[in-house]
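A.B. asks: Based on the provided sequences and hints, a complete structural model is requested.
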Amino acid sequence: DAGVIQSPRHEVTEMGQEVTLRCKPISGHNSLFWYRQTMMRGLELLIYFNNNVPIDDSGMPEDRFSAKMPNASFSTLKIQPSEPRDSAVYFCASTLDSNQPQHFGDGTRLSIL
Amino acid sequence: QKEVEQDPGPLSVPEGAIVSLNCTYSNSAFQYFMWYRQYSRKGPELLMYTYSSGNKEDGRFTAQVDKSSKYISLFIRDSQPSDSATYLCAMTYTGGFKTIFGAGTRLFVKA
Numbered sequence: 001d002a003g004v005i006q007s008p009r010h011e012v013t014e015m016g017q018e019v020t021l022r023c024k025p026i027s028g029h030n031s032l033f034w035y036r037q038t039m040m041r042g043l044e045l046l047i048y049f050n051n052n053v054p055i056d057d058s059g060m061p062e063d064r065f066s067a068k069m070p071n072a073s074f075s076t077l078k079i080q081p082s083e084p085r086d087s088a089v090y091f092c093a094s095t096l097d098s099n100q101p102q103h104f105g106d107g108t109r110l111s112i113l
Numbered sequence: 001q002k003e004v005e006q007d008p009g010p011l012s013v014p015e016g017a018i019v020s021l022n023c024t025y026s027n028s029a030f031q032y033f034m035w036y037r038q039y040s041r042k043g044p045e046l047l048m049y050t051y052s053s054g055n056k057e058d059g060r061f062t063a064q065v066d067k068s069s070k071y072i073s074l075f076i077r078d079s080q081p082s083d084s085a086t087y088l089c090a091m092t093y094t095g096g097f098k099t100i101f102g103a104g105t106r107l108f109v110k111a
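Going down the list, the protein sequences come from chains A and B. With our numbering applied, the first sequence covers 1 to 113. With our numbering applied, the second sequence covers 1 to 111.
In case anyone wonders, no lab produced these hints; they're calculated from the structure. Hints should not be assumed to be uniformly reliable.
In the DSS-like style, the derived pairs of lysine-lysine whose C-alpha atoms are separated by at most 27 angstroms in a straight line are [to be verified]:
{"#": "1", "chain 1": "B", "residue 1": "K2", "chain 2": "B", "residue 2": "K98"}
{"#": "2", "chain 1": "B", "residue 1": "K56", "chain 2": "B", "residue 2": "K98"}
{"#": "3", "chain 1": "B", "residue 1": "K98", "chain 2": "A", "residue 2": "K78"}
{"#": "4", "chain 1": "B", "residue 1": "K2", "chain 2": "B", "residue 2": "K56"}
{"#": "5", "chain 1": "B", "residue 1": "K2", "chain 2": "B", "residue 2": "K67"}
{"#": "6", "chain 1": "A", "residue 1": "K24", "chain 2": "B", "residue 2": "K42"}
{"#": "7", "chain 1": "B", "residue 1": "K2", "chain 2": "B", "residue 2": "K70"}
{"#": "8", "chain 1": "B", "residue 1": "K56", "chain 2": "B", "residue 2": "K67"}
{"#": "9", "chain 1": "B", "residue 1": "K98", "chain 2": "A", "residue 2": "K24"}
{"#": "10", "chain 1": "A", "residue 1": "K78", "chain 2": "B", "residue 2": "K42"}
{"#": "11", "chain 1": "B", "residue 1": "K98", "chain 2": "B", "residue 2": "K70"}
{"#": "12", "chain 1": "A", "residue 1": "K68", "chain 2": "B", "residue 2": "K98"}
{"#": "13", "chain 1": "A", "residue 1": "K68", "chain 2": "A", "residue 2": "K24"}
{"#": "14", "chain 1": "B", "residue 1": "K42", "chain 2": "A", "residue 2": "K68"}
C.D. replies: Okay, here's the thing in structure tokens:
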């Protein structure tokens, strides 16, 4: 079975540019999570979707961050405009039920110059 | 105080050693406990999943939960160089969607 698929794997861009990260969850999973991982802060939950609906976006750091889930098989996380402090690894995870363990993609390593 | 505390290490052991990784937590509502393994430049991979207190064994891995002490452990027997990774504890509760992750412990197993 295919796991959670994220693209791109690496992104290097200049400050001020728009960045779009993509995620395809595991088929049949109805919960999707976006995380950011840094050495200083570890894994931080950014936003949680259930049945394509955003349930909790309290972890989204600023209005520069937005996320969408137009259907059950696709989600995007957008940063506009990007800043150097947004540099991190961004993970998408999905699960069948919010109490079940989450399955992670291999992340997008984002560098903002 | 963080909800979940985990020593970041690094922890370095010789091949064949028994490894003990631990987390403490403060929220007594947590009922589901997980251990994830994360290799460099990869996503966290679920290793063990337990509900409530007790032990669970899977091959060389044993997960232990002590709810009275708010303490969970992961034991790795006969450790191998391929076990070198970061291990993250995680926990959640019934009706909650948010999984709380520990900071992760970096483990190095030397051949």
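A.B. asks: For the pair we were handed, K42 (chain B) and K68 (chain A), check the Cα-Cα distance against 27 angstroms.
C.D. replies: Since the Cα atoms of K42 (chain B) and K68 (chain A) sit roughly 24 angstroms apart, the hinted pair holds (cutoff 27 angstroms).
A.B. asks: For the pair we were handed, K78 (chain A) and K42 (chain B), check the Cα-Cα distance against 27 angstroms.
C.D. replies: 21 angstroms, holds
A.B. asks: Does the structure keep K2 (chain B) and K56 (chain B) at a Cα separation of 27 angstroms or less?
C.D. replies: 26 angstroms, holds
A.B. asks: Against the 27 angstroms threshold, does the CA-CA distance of K2 (chain B) and K98 (chain B) hold or violate the hint?
C.D. replies: 15 angstroms, holds
A.B. asks: Going straight from one Cα to the other, do K2 (chain B) and K70 (chain B) come out at no more than 27 angstroms?
C.D. replies: Holds, at about 13 angstroms.
A.B. asks: Take a quick look at whether K2 (chain B) and K67 (chain B) sit within 27 angstroms of each other, Cα to Cα.
C.D. replies: 17 angstroms, holds
A.B. asks: Given the hinted pair K68 (chain A) and K98 (chain B), is their alpha-carbon gap at most 27 angstroms?
C.D. replies: 19 angstroms, holds
A.B. asks: Holds or violated: are the alpha carbons of K56 (chain B) and K98 (chain B) at most 27 angstroms from each other?
C.D. replies: 23 angstroms, holds
A.B. asks: For the pair we were handed, K98 (chain B) and K24 (chain A), check the Cα-Cα distance against 27 angstroms.
C.D. replies: It holds: about 20 angstroms lies between the C-alpha atoms, which stays within 27 angstroms.
A.B. asks: Would you check the hint for K56 (chain B) and K67 (chain B), treating anything up to 27 angstroms between C-alpha atoms as holding?
C.D. replies: 14 angstroms, holds
A.B. asks: K98 (chain B) and K70 (chain B) were given as a pair; does the straight-line alpha-carbon distance stay at or below 27 angstroms?
C.D. replies: Distance ~18 angstroms between K98 (chain B) and K70 (chain B) Cα, so the pair holds.
A.B. asks: Could you grab the alpha-carbon distance between K98 (chain B) and K78 (chain A) and see if it respects the 27 angstroms cut-off?
C.D. replies: 22 angstroms, holds
Hint check: no violations occur; every hint is consistent with the structure.
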